[in-house]
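Novice: As given, the protein sequences belong to chains Z and S, one line each in that order.
Residue numbers for the first sequence follow the working numbering, beginning at 1 and rising by one.
Residue numbers for the second sequence follow the working numbering, beginning at 143 and rising by one.
FYI, nobody ran anything at the bench for these hints, they're computed from the structure.
Glycine residues also receive a C-beta, built at the ideal position from the N, C-alpha and C atoms.
Take these hints with a grain of salt, some might be off.
What the hints assert, rightly or not - Below 25 angstroms or equal to it, Euclidean Cα-Cα: the simulated SDA-like pairs (lysine to any residue) are:
id, chain 1, residue 1, chain 2, residue 2
1, Z, Lys29, S, Met230
2, Z, Lys79, S, Lys144
3, S, Lys144, S, Gly235
4, Z, Lys8, S, Lys221
5, S, Lys221, Z, Lys29
6, S, Lys222, Z, Ala18
7, Z, Lys22, S, Gly235
Stated by the list, open to error - Going by beta-carbon spacing under 7 angstroms, a handful of chain Z positions derived as facing chain S:
id, residue
8, Gly21
9, Ser32
10, Ile34
11, Gly35
12, Arg42
13, Ser45
14, Val46
15, Tyr49
16, Met106
17, Phe108
18, Ala110
Listed below are the residues making up each chain.
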Amino acid sequence: MSNSILHKEYTVIRFDYARAGKVSSDIKKTLSTIGIPSAVLRNISVASYESEINMIIHAYGGTITMDVFDDGRIQLIFKDDGPGIPDLEKAMTPGYSTASEEARNMGFGAGMGLPNIKRVSDEFDIKTSEEGTTLTLGFVVG
Amino acid sequence: MKLKDIVSCLDAEALVVSSDGAPEKEFRFAFATDLMSDALAMIQDSPEDTLLISGLANVQTLRTAEMLDIDTIVFVRGKKLSDEILEMGRDSGLNLYATKCTMYEACGRLYAEGLSEIDE
């Protein structure tokens with residue numbers, strides 16, 4: 001059983017475009033201080049940023065938690081309060097997007113988010129219902 | 143291609159230069175997009191040697207560069223950057239330039255000078 005040696009928790013607010021990316025920036029800075037190799041750190045940062053943007057664009061808000069475990073595994077959990085992803089299979093298809101005009105103006109909504117998050121993560125698990133979506137990502141250092 | 147030569151090739155204006163040595167820095171690749179998801183998906187190797195070219199003059203372009211370990215962005219089509227973006231660029235240690243070239247022309251000029259597309 002591995003233990004968390006570094007734990008952080010953040011709140012994400014719906015449509016808070018002005019702050020979009022601040023959590024991922026803090027996660028990147030935090031992990032860089034404990035010597036995570038740059039290639040792994042970049043994958044974590046990309047996955048975190050895309051997931052954070054997804055929460056702001058699509059969800060009613062939620063929380064992001066980061067844990068570094070003593071066995072070298074890093075876990076990010078993105079848990080939102082709904083409305084859930086109506087068709088997960090479509091959402092996982094590159095190019096499929098339901099993003100708003102505002103999201104597109106920010107440079108997102110290309111339909112590459114979830115496929116890209118899965119690509120850069122070592123572990124990818126997503127559970128969704130009308131009550132909310134929980135995305136759990138794992139990264140192995142080394 | 144050295145950053146100072148890229149700047150000269152594009153008649154670009156320096157908006158934020160975060161280190162004295164920046165103009166001498168060598169770039170091997172460039173990637174041009176207004177879609178940050180595409181940049182996040184496509185730029186996988188050698189981001190430190192990759193120049194980001196974009197017409198999207200907002201905070202998310204800087205965030206994307208930060209996440210990817212890209213340190214230099216050229217904004218095309220004469221886009222103006224707000225004071226907030228310029229301050230964030232300085233805080234993040236980025237180099238930000240602006241050119242009046244369209245994205246197509248900026249890419250064409252740099253490609254002709256030998257700056258490569260990213261490896262896929």
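Novice: Hints first: check each against the structure and report whether it holds.
Specialist: Cross-check of the supplied hints:
Straight-line distance between C-alpha atoms of Lys29/Z and Met230/S comes to about 15 angstroms, which keeps the hinted pair within the 25 angstroms bound. The straight-line distance between the Cα atoms of Lys79/Z and Lys144/S is roughly 44 angstroms, outside the 25 angstroms bound, and the hint therefore fails. Note on Lys144/S and Gly235/S: the hinted pairing holds, with a Cα-Cα distance of about 18 angstroms set against a maximum of 25 angstroms. For the hint pairing Lys8/Z with Lys221/S, the CA-to-CA distance comes to about 37 angstroms; that exceeds 25 angstroms, so the pair is violated.
Our distance criterion of 25 angstroms between C-alpha atoms is broken by Lys221/S and Lys29/Z, whose separation comes to about 29 angstroms. Taking the CA atoms of Lys222/S and Ala18/Z, the gap is near 18 angstroms; set against the 25 angstroms cutoff, the hint holds. Our distance criterion of 25 angstroms between C-alpha atoms is met by Lys22/Z and Gly235/S, whose separation comes to about 16 angstroms. At a threshold of 7 angstroms, the smallest CB-CB gap from Gly21/Z to chain S is about 4 angstroms, leaving the interface hint in force.
Evaluation of the Ser32/Z hint against chain S yields a violated restraint, the C-beta minimum of about 10 angstroms exceeding 7 angstroms. For the restraint placing Ile34/Z at the interface with chain S, the shortest Cβ-Cβ distance is roughly 17 angstroms, beyond the 7 angstroms limit, so the hint is violated. Taking 7 angstroms as the C-beta cut-off, the interface hint given for Gly35/Z is violated, the closest approach to chain S being about 16 angstroms. Nearest Cβ of chain S to the Cβ of Arg42/Z: about 6 angstroms, under the 7 angstroms cut. The hint holds.
Among the interface hints, the one on Ser45/Z holds; its C-beta lies about 4 angstroms from the nearest C-beta in chain S, closer than the 7 angstroms criterion. At about 5 angstroms, the closest approach between the beta carbon of Val46/Z and any beta carbon in chain S falls short of 7 angstroms, and the interface hint on this residue holds. Interface restraint check for Tyr49/Z: the shortest CB-CB distance to chain S comes to about 5 angstroms, inside 7 angstroms, so the restraint holds. The beta carbon of Met106/Z is positioned within 7 angstroms of a beta carbon in chain S (closest approach about 5 angstroms), and the interface hint is therefore held.
With a cut of 7 angstroms, the hint placing Phe108/Z at the interface with chain S holds, because the nearest CB-to-CB distance is about 6 angstroms. Interface hint status for Ala110/Z: upheld, as the beta-carbon distance to the closest one in chain S is roughly 4 angstroms, under 7 angstroms.
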